[in-house]
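Enquirer: Sequence:
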Amino acid sequence: MGISAADDETLKVASPWEPKSLDPIVYQLSVDVSEPLLSVDSEGKLSPMLAQSWDVSEDGRTWTFHLREGVSFHDGTPFNAEAAKLSLERTFRRSAEYSSIKAFPVESVTAPDEYTLVITTSRPFAPLAGYLTKDATEILAASSFDSNDEVVEPIGTGPFKFDSWVPKESMTGVRFEDYWGSKAKVEKVVFSNVPEEKTRESMLRAGEVDIIGTISPALAKKLAEDSSFKVYEQEEMGRVRHLLLNVANPPLDDVLVRQAISMAIDRDLICDSLLEGMDQTASAPFSSNLYWSNDNLETPSYDPEEAIALLEEAGWSDSDNDGIMDKDGEDLKLSLFTYPSRPELPSIAEALKDQLGQVGIDIEITILDDSAVREQAKGGKVDIYLVSVNTLLNRDPDTWASYFTTESYYYDCMNYSPDDVADLIEKGRETMDQEARKEIYDQLQERILKDVPVVYLTYYTGISASSSDIQDYELSLIGRHHLENAYKA
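In short: position in the sequence shown from 1, add 716, done, that's our numbering.
FYI, nobody ran anything at the bench for these hints, they're computed from the structure.
None of the hints are false.
DSS-like cross-link-like pairs, simulated, lysine-lysine; straight-line CA separation at most 27 Å:
1) K1166 / K1043
2) K1143 / K1154
3) K1166 / K1097
4) K899 / K946
5) K904 / K736
Between the sequences and the hints, there should be enough to build the whole structure, so can you do that?
Expert: In structure tokens:
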């Protein structure tokens, strides 16, 4: 990787996530270069960032943001309503290209005065404030873009200025001395793409990096026993490991087979044996401590005998006594894809293969990176996709609901978007009253658990580790590295 130890003014982070672009619409910037209008605080609530306050009209179509004064971009130009307008107009203009922002029904963005920004939507759109916490809506200066609307250099307002990017390898930022908030305590941060967990561990032990991200519970347990290191755990708000089932592919087009898969999985065993007890079992998209949780759901329990009965009801049997269910001369064989960037997923895949095998379902595992899996899904080659996905990334349940739309990032992996489900999703977006929205998303959760296009497995705890001399480093509720206050003692 070619990373050498530097002085105490540089923090080096190794992560499995490749810095794929300089454009936050395309991919989250590793370094905190740019900032959105709103943020999510340590309690999971919407909080001010570049907007100090905001309000919405009674009809739910006009959102007014009162912007922070005295903020400068890294190129020295002032942050104001006109700058925010230009940046967000580009975001909305390019929304058709990227699934994370396709849902925005924005009619206009205006700047009635220097520090007031108004976004008008064509219809009520309750998730708007939540979406304005997303990386895709971070504000960049006009000088960031070329004549083709492409980012040539991300110039934001964050605690670190963009310094350099080596595609597929690293991204570097340097401290912004005129930052509006608390100035970063180190001069430089370097994020390096290191896909293999064992390599990240070796680099940490050798002092080549200061922090390693996205580590497995097994490695966390090992490092926690060594006083040379610190381990950080943060239950990520809304992130769930789950299976996406391709309902267009037989036999997964039969809900009985999908129900059988869910009931054949021993979630407790996965949590206890593979995840070192760091995570909780999941049977629904939202954990019980979240507002959007539906406490009245009928959730599946581990019952392999009932799973076998469901398969038999669907016409499957082990006619040749080889341990695999068959029907009309065909074995019940399914492909399961996952990716190695979250290092525990391949091990969970093996556990699922064993558990599903016990009820007569033969699983063939393939490990690829996420983008390669989605390419396979477009060709109908993916029956089951084991993922770790955040259902509440922008503090709004539309994050989760949007997965069941045809424009979804994951639609090709499920092929599930019935008209009545789509209607509920739109109703949830257009309903401004929070209690009324809660009822809608309760209904949607009931429908999803009934149809089983998704099998929820475990809620996710983000884990990272550092050398023992690192101080004031934090993992955020949405899995971001907070480096602005971190330093070496």
